[in-house]
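There are 4 protein chains.
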Amino acid sequence: MRDVVEIGLGKTAQRGYHLDDIAIVPSRRTRDVDDVSTEWKLDAYPFKIPCVAHPSDATQSPDSVIALGRLGGLGVLNAEGLWTRYEDPTKILEELASLDEEADATKRLQEVYAEPIKPELIGERVRQIREGGVTVAVRVSPQHTLALAPVILDAGVDLLVIQGTLVSAEHVSTTDQPLNLKEFIADLDLPVIVGGCTDYKTALHLMRTGAAGVIVGVGADEWSTTDTVLGIRVPMATAIADAAAARRDYLDETGGRYVHLIADGGIATSGDIAKAIGCGADAVMLGEPLSLAEGAPAGGAWWHSAASHPALPRGGFCIAGEPDGSLEQLLYGPADRPDGQLNLFGGLRRAMAKCGYRDVKEFQKVALVLDRA
Amino acid sequence: MRDVVEIGLGKTAQRGYHLDDIAIVPSRRTRDVDDVSTEWKLDAYPFKIPCVAHPSDATQSPDSVIALGRLGGLGVLNAEGLWTRYEDPTKILEELASLDEEADATKRLQEVYAEPIKPELIGERVRQIREGGVTVAVRVSPQHTLALAPVILDAGVDLLVIQGTLVSAEHVSTTDQPLNLKEFIADLDLPVIVGGCTDYKTALHLMRTGAAGVIVGVGADEWSTTDTVLGIRVPMATAIADAAAARRDYLDETGGRYVHLIADGGIATSGDIAKAIGCGADAVMLGEPLSLAEGAPAGGAWWHSAASHPALPRGGFCIAGEPDGSLEQLLYGPADRPDGQLNLFGGLRRAMAKCGYRDVKEFQKVALVLDRA
Amino acid sequence: MRDVVEIGLGKTAQRGYHLDDIAIVPSRRTRDVDDVSTEWKLDAYPFKIPCVAHPSDATQSPDSVIALGRLGGLGVLNAEGLWTRYEDPTKILEELASLDEEADATKRLQEVYAEPIKPELIGERVRQIREGGVTVAVRVSPQHTLALAPVILDAGVDLLVIQGTLVSAEHVSTTDQPLNLKEFIADLDLPVIVGGCTDYKTALHLMRTGAAGVIVGVGADEWSTTDTVLGIRVPMATAIADAAAARRDYLDETGGRYVHLIADGGIATSGDIAKAIGCGADAVMLGEPLSLAEGAPAGGAWWHSAASHPALPRGGFCIAGEPDGSLEQLLYGPADRPDGQLNLFGGLRRAMAKCGYRDVKEFQKVALVLDRA
Amino acid sequence: MRDVVEIGLGKTAQRGYHLDDIAIVPSRRTRDVDDVSTEWKLDAYPFKIPCVAHPSDATQSPDSVIALGRLGGLGVLNAEGLWTRYEDPTKILEELASLDEEADATKRLQEVYAEPIKPELIGERVRQIREGGVTVAVRVSPQHTLALAPVILDAGVDLLVIQGTLVSAEHVSTTDQPLNLKEFIADLDLPVIVGGCTDYKTALHLMRTGAAGVIVGVGADEWSTTDTVLGIRVPMATAIADAAAARRDYLDETGGRYVHLIADGGIATSGDIAKAIGCGADAVMLGEPLSLAEGAPAGGAWWHSAASHPALPRGGFCIAGEPDGSLEQLLYGPADRPDGQLNLFGGLRRAMAKCGYRDVKEFQKVALVLDRA
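Residue numbers (UniProt numbering), protein chains in the order written: chain P, 1 to 373; chain R, 1 to 373; chain G, 1 to 373; chain H, 1 to 373.
Everything labelled a hint here was simulated from the structure, so no lab data went into it.
These figures come from a predicted structure and were not determined experimentally.
Treat the hints loosely; a few may be bogus.
When chains are identical, the list treats them as one kind, so a pair holds in a single copy or across two.
As the list claims (entries may be wrong) - Here are the simulated SDA-like cross-link-like pairs (lysine to any residue), alpha carbons at most 25 Å apart as the crow flies:
| id | residue 1 | residue 2 |
| --- | --- | --- |
| 1 | LYS365 | ARG2 |
| 2 | LYS365 | SER27 |
| 3 | LYS107 | ASN180 |
| 4 | LYS201 | GLU6 |
| 5 | LYS48 | VAL33 |
| 6 | LYS182 | ASP34 |
| 7 | LYS118 | GLY321 |
| 8 | LYS365 | TYR86 |
| 9 | LYS365 | PHE47 |
| 10 | LYS201 | LYS361 |
| 11 | LYS118 | ASP339 |
| 12 | LYS107 | ALA320 |
| 13 | LYS361 | LEU9 |
| 14 | LYS201 | LYS365 |
| 15 | LYS41 | HIS205 |
| 16 | LYS182 | VAL4 |
| 17 | LYS361 | ARG208 |
| 18 | LYS91 | ARG358 |
| 19 | LYS91 | ALA306 |
| 20 | LYS182 | ARG28 |
| 21 | LYS365 | LEU9 |
| 22 | LYS118 | LEU153 |
| 23 | LYS91 | PRO119 |
| 24 | LYS201 | GLY10 |
| 25 | LYS48 | THR254 |
| 26 | LYS365 | GLU170 |
| 27 | LYS201 | VAL4 |
| 28 | LYS107 | VAL5 |
| 29 | LYS107 | VAL33 |
| 30 | LYS107 | GLY321 |
Sequences and hints are given; from them, build the entire structure.
Below, the structure written as structure tokens:
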């Protein structure tokens, strides 16, 4: 059973497991891959695949949000990114796409993100996406939610994503009037996705705010430095499973309100997607993997939001390389490489077939093996 | 005892162990190496060594199947490989042998395997092997068994190998009429080897189909990407030991029907062979190691069957290098390198002698130590 | 609970955990970063940050001790270092700063430290620091405490640091009259910091000597070779937590005497600082990280005291590189790199805010996760 | 307590630990390094240090055996090595010293060791060592003991070392008359060292043969390939501790016969020596570390005996590099490098002092921490 380890006299730590530590285990039944569905539905919004984009300027522009939506996923534009700071950020994105020295990139990111947000641009970007005919989702940070949400909502979005590295249902402040998530969400009449969080309790509290979806994880990948800078490292298999327990308990507590879990962190391949869902996620949030698509806004470069923090950046800069294929090929194949980065959801579908499951919800019950850590 | 670990609240995983995690432990007795036997017998077919070839075109041509058979092992021709798609695949094999860019190899594999299977060639290949005077074994995938088996059987094989990455006794399909393994095998009058599988339950169900041998594992080696693409990774020590438990229970259930376990995956050296048998295998399936023999069909290149999948390839391409020695030297030595890749079965024999065991069946009881993971 | 593992029949070992093995876990509350305090107070001496310098000549000169003190930390001059062996060691420091061959550095260190200590220089250095208007702390080894302490105390220091790689409260000698720490400290009227130590019992005994602070750890970092030379390796998370248990028990035993724990070893980033405090430390001792500041005495080179031992050196020599920034930037940012080596205490402050804690003492209670080892 | 892990249903493995997995833990007492003794006595033969040479031609010639003996250790000449196959092997040793291609070395070793042993040379070598005025020890393999022992004994040795990779007290053979160790040793009137072995039971049985010393381990180091070739890997911390339990039980069983344990494997630094003794060893067998001494017979090259096996070599060839220092400096320092390879027994002495122990036998009780695996 779950280890609580005494790391020293009287000081305990819970063991946590990463997606790399586990693998899914085929059961005694197999199934035709064509009989398997990867559909996902959040509130009234249906999706062909359980795929949400991490709201990074590296991958999410109005155009790429539309493209992802048309292919059956959910794009998310960052209301605090370059598209709302600059009338036309394409030159800056081109410059970032052409950086070839990782060392100087942090300073340049800090500079370009020092430009103030222009609220009027938010409306413009939202209208552009809406015209694309897809579900419109915009991300705002908890700190700026009270200031920016009215503009965002006026512009007419379908889903609001309130996302910081770590969001709690109870932010304490002696200076500002902090955001009361529960009251804020109760006043809205659109579904809200909120996170990230890393444990059962925070997940449960975030569910109790009335959110339709909770983001699990801090979006960490190999470029993230949340661990070295803050000492925070999230074992995603454990974080997802714990949040799934919160989802079950909240379902019971409310007599049937199902809150979706969106796993954000440690997901780079179709195998990782299968494992995240096998741990209990309803969908995955993809960051760097989407930067490998042809036509990605930053030409293949990748960075986290936190990588541009003015005083405490927490993420490296991945220099742009050649794209792996079109966005469609990335999501649905065919793959012409065996590394699990192409045909991401075809890989998920096949994993489900090999294990005998028909849909994403069922696949959350797949057996797991722990062979590392 | 066996750990069932709670990786998160209410979500468990069983711990699994790889062959690398364990080692065999000499007991208080030693034995002369000349007193040790590595013989193996499957149904009516005796072999000098417990060695089955993985049915990859990289190592198994009609000629190399004959050569392995004459040296005391069991070669297996793939009924869905290049030899049944092309009248004369030697040019293609030469081309693959000369590829020196791993990156382009996947596309080329996808192209050459796009050629349809020509059933008439199956008979021709079987006849050629039969004329070589060795036990004739042919591999077919579960999907094509109903279509191809009649041709194969007509050609007169000794053993039929029904092998996919993962095979279950219960394949569910809403569109095709799926293969019912139990009925299919009952109707045959030749021994069938079936697999791969990875757990106790699937192994037991496959035994109940009437198979003479069950393949344990998915053939994973360092070129395999089943893990990154599908999230499936098989800890072989555990998989073999669990299947051995199924063999014991099935033996009891049937009052004496012994089903052979053929371990397929993670076996590259004589030490690995010793460990696989020490975990309970009756024989090992060798893939990449056989590609190191002089005269290997693809000149030393290596790839998995799944590496040529048209939409979701799951295996890299190992570029051809210099051969390590003749097939005989590979199997029986003498070795002039200390890396465990030459004299594969001489190494097994010596390991058995150092631990005091006389034959393969006895050696399944050798003590193990766990010093990794 | 804590594992006592039988590594062989009748021989046990306790499991220990390194800072890298653990991470801190955000709780359900978050807090404004401006509401968080990193203040620390040792006896009558207040500090803005819980930062003590490791007394290495590579980072601690009279000038840099003053600089650190003015920035709110505690600098420590080594009474047995180059500044008390040479009237003017700047030439030697410049030479060490210019060494570019790690291999020869050990011999050169052995040579320059072969020069005898000149007690009269101790007074001079102390006066210089005192004139800088900061808290004056000087380090002496247990072996030389009886000889050098009078000179040091006469010079008028605020804090005495008695530090060896490993210090015990009970040193046994058949030849010398060993230092009786308890009697020695009782006779002093200034606070003493003593260490390092690595376990509960030694920490408790050192507390009972009357020390105001106890150093936990042997200062090991990636340049240390205490492990390969002596077989001694300190899992710092465990060592700190065990010493914190000794602090609690001593607090109870004395009805309220609080002894501060200063963690020395394995701390290179702001994340490490957060973890060390999360395990129970009151402050951290920084060695190599301070060598990255502009104007560091050895120009960026780094070595341990033990690296210059005449017969058994235990530490490599880190060749000088470019500085990372000013000492102020190192401690307080802003960081223009995401690797956790700049803005060390801004990183700590943000980690505390993300976890909802207000001060260092409270933060010792933060939850931990164990996801390695 | 000791884990017996079920790696699969009904198949168990004992957990084992390597010296690298553990570290020694200082206790609350420290001691003057000059008060510490590293003396060792085997039967009537006293040694300044608990150091036995592994009988490899790379480090043990008649001259180097004498040199080690004069410095207080025990050299061992291999009666089946180059010095008893060739009248003058210096040319061959020079050639091996000059090899700069690891790949070809195995073949060359196989060739030079194909030369038959000349029994008359054994006597000559023994006389030469005896004239050096040191304890004379000669190694013979179990297979050749019956044939060669008479010659060796006639030549007048002090200690006989019967050593194979793995030796058991019960060798079974259907063709040869196997060596009955118990009868053989009973008939001798000189102390015998026998091994290697890896577990409690074999160690106990070897003690019951009447041996004065038992070798624990198979001499594995980073050049050994016993693991890849045979699947045998010895976790030395566990093997030593288990053999120490056998020593205790045999002491009880015999009412006081103390058999010495000589640890052979995984020992490259002074830290490793400290750990091996901390696990219960009485002395260590040094292989490759002695090849780093000026004037080593093969000029710094290193290979295992098993590396020259004609059909199944089990060890790589370490190409000669620059020597680290004189044999005396290697054993007693001073070290001018911090990597634990110089001043091997000065390092041991200091480790003992830091932990408060006076002699080797006492130091077997030192506390251990497990922080890996």
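Right, here's what the structure says about each hint:
Taking the shortest alpha-carbon separations for LYS365 and ARG2, both the intra-copy value of 18 Å and the inter-copy value of 21 Å come in at or below 25 Å. Taking identical chains as interchangeable, the C-alpha atoms of LYS365 and SER27 lie at most 25 Å apart only when both belong to the same chain, with a minimum of 11 Å there against 28 Å between chains. In the homo-oligomer, the alpha carbons of LYS107 and ASN180 never lie at most 25 Å apart, since the shortest distance is 34 Å inside one protomer and 54 Å across protomers. Proximity of LYS201 and GLU6 under a CA criterion of 25 Å is satisfied in both settings, with 21 Å inside one chain copy and 17 Å between copies.
Only within a single protomer do LYS48 and VAL33 lie at most 25 Å apart by alpha-carbon distance; the minimum there is 15 Å, versus 41 Å between protomers. Taking the shortest Cα distances, LYS182 and ASP34 sit within 25 Å of each other only across copies (24 Å), while inside one copy they are farther apart (42 Å). When the C-alpha separation of LYS118 and GLY321 is checked against a cutoff of 25 Å, the pair qualifies neither within a copy, at 31 Å, nor between copies, at 42 Å. For the homomeric pair LYS365 and TYR86, neither the shortest alpha-carbon distance inside one copy (46 Å) nor that between copies (44 Å) is at most 25 Å.
For the homomeric pair LYS365 and PHE47, the shortest alpha-carbon distance inside one copy (21 Å) is at most 25 Å, but the shortest distance between copies (43 Å) is not. Taking the closest pair of Cα atoms, LYS201 and LYS361 come within 25 Å of each other both inside a single copy (23 Å) and across two copies (23 Å). In this homomeric assembly, LYS118 and ASP339 never come within 25 Å of each other (Cα to Cα): the closest approach is 41 Å inside a single copy and 31 Å across copies. Taking identical chains as interchangeable, the C-alpha atoms of LYS107 and ALA320 lie at most 25 Å apart whether they share a chain (17 Å) or sit on different chains (24 Å).
Taking the closest pair of Cα atoms, LYS361 and LEU9 come within 25 Å of each other only across two copies (18 Å); inside a single copy the shortest separation is 42 Å, beyond that limit. Taking the shortest Cα distances, LYS201 and LYS365 sit within 25 Å of each other both inside one copy (22 Å) and across copies (17 Å). Proximity of LYS41 and HIS205 under a CA criterion of 25 Å is satisfied intra-copy only: 23 Å inside one chain copy versus 36 Å between copies. Neither within a single protomer nor between protomers do LYS182 and VAL4 lie at most 25 Å apart by alpha-carbon distance, with minima of 32 Å and 38 Å respectively.
Taking CA atoms no more than 25 Å apart as the test, LYS361 paired with ARG208 passes inside one copy only; the shortest distance there is 22 Å, against 31 Å between copies. With identical chains, the CA atoms of LYS91 and ARG358 are never at most 25 Å apart, being 45 Å at best within one copy and 43 Å at best between copies. In the homo-oligomer, the alpha carbons of LYS91 and ALA306 lie at most 25 Å apart inside one protomer (21 Å), although the nearest pairing across protomers, at 43 Å, exceeds that limit. Only between protomers do LYS182 and ARG28 lie at most 25 Å apart by alpha-carbon distance; the minimum there is 14 Å, versus 45 Å within a single protomer.
Taking the closest pair of Cα atoms, LYS365 and LEU9 come within 25 Å of each other only across two copies (13 Å); inside a single copy the shortest separation is 37 Å, beyond that limit. For the identical chains of this complex, LYS118 and LEU153 are intra-copy neighbours only, at 15 Å inside a copy versus 62 Å across copies, given an alpha-carbon limit of 25 Å. Taking the shortest Cα distances, LYS91 and PRO119 sit within 25 Å of each other inside one copy (20 Å), while across copies they are farther apart (59 Å). For the homomeric pair LYS201 and GLY10, the shortest alpha-carbon distances inside one copy (22 Å) and between copies (15 Å) are both at most 25 Å.
In the homo-oligomer, the alpha carbons of LYS48 and THR254 never lie at most 25 Å apart, since the shortest distance is 28 Å inside one protomer and 47 Å across protomers. For a Cα distance limit of 25 Å, the shortest separation of LYS365 from GLU170 across copies, 19 Å, qualifies, whereas the shortest one inside one copy, 32 Å, does not. For the identical chains of this complex, LYS201 and VAL4 are neighbours both inside a copy (17 Å) and across copies (24 Å), given an alpha-carbon limit of 25 Å. Proximity of LYS107 to VAL5 under the C-alpha cut-off of 25 Å is found in neither arrangement, the shortest distances being 41 Å within a copy and 44 Å between copies.
Taking the shortest alpha-carbon separations for LYS107 and VAL33, only the inter-copy value of 22 Å comes in at or below 25 Å, while the best intra-copy value is 47 Å. Taking the shortest Cα distances, LYS107 and GLY321 sit within 25 Å of each other both inside one copy (21 Å) and across copies (20 Å).
Checked against the numbered hints given earlier, this structure breaks hints 3, 7, 8, 11, 16, 18, 25 and 28; the rest are met.
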